[in-house]
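Participant: Sequence:
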Amino acid sequence: MRTTRKIILILLVTIFMALLTVKSGWVQEAAYVGAAKCKMCHVRQHKVWTDSEHAKAFEILKPEEQKDPKCLTCHVTGYQTIQVVKSELTGVQCEACHGPGSVYIKIHPKKDKEGSRKAGLIARPDPDSCKACHNEKSPTFKGFDYAKMWEAIKHPK
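When we follow the numbering used here, the leftmost residue of the sequence shown carries the number 13, and every step to the right adds one.
Quick caveat, the hints were computed from the structure, so don't treat them as lab data.
As the structure is a prediction and not an experimental result, all values here were calculated from the model.
For every residue, glycine included, the Cβ atom is placed at its ideal position computed from N, Cα and C.
Each hint should be verified, as a subset may be incorrect.
Computed Cβ-Cβ distance ranges for the label pairs, DEER-style [unchecked claim]:
no.	residue 1	residue 2	range
1	129	82	12 to 20 Å
2	92	123	29 to 37 Å
3	23	114	31 to 39 Å
4	114	80	21 to 29 Å
5	136	27	36 to 44 Å
6	123	80	27 to 35 Å
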């Protein structure tokens, strides 16, 4: 009888610990890591981005605009989440389209597509994600044609 109780207790503790481990994985919140981290594996894609207007999105702002949260939300990657300008996140970087990478970057290099997506990787952004910034609220908005814009910014896989 005592052995049965010990086994049940051990099983309950094991199950409890397993649930804690799984739950901590669910709670992990992704943070922005910056394009330099992506470049380590995605050199060609980084080059396309570096030559794009997205890369220069913060630089083109006037000094007063570089302090305006309304501008920073679209011109600094992750600003809407972190509410601070970090030099490693200025411009419209990889994670502005592909999601914050601190979680999926640990999985992604292993070529686990499904695991990367579950960890937050957005493989191909949809038009709505672009329209979060390319809309009538922007003082420079001149309409938005997703197909045309995609051709201008797409990069090799």
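Participant: Under the constraints set out in the numbered hints, which ones does this structure not fulfil?
Facilitator: When the structure is compared with the hints, numbers 1 and 6 turn out to be violated.
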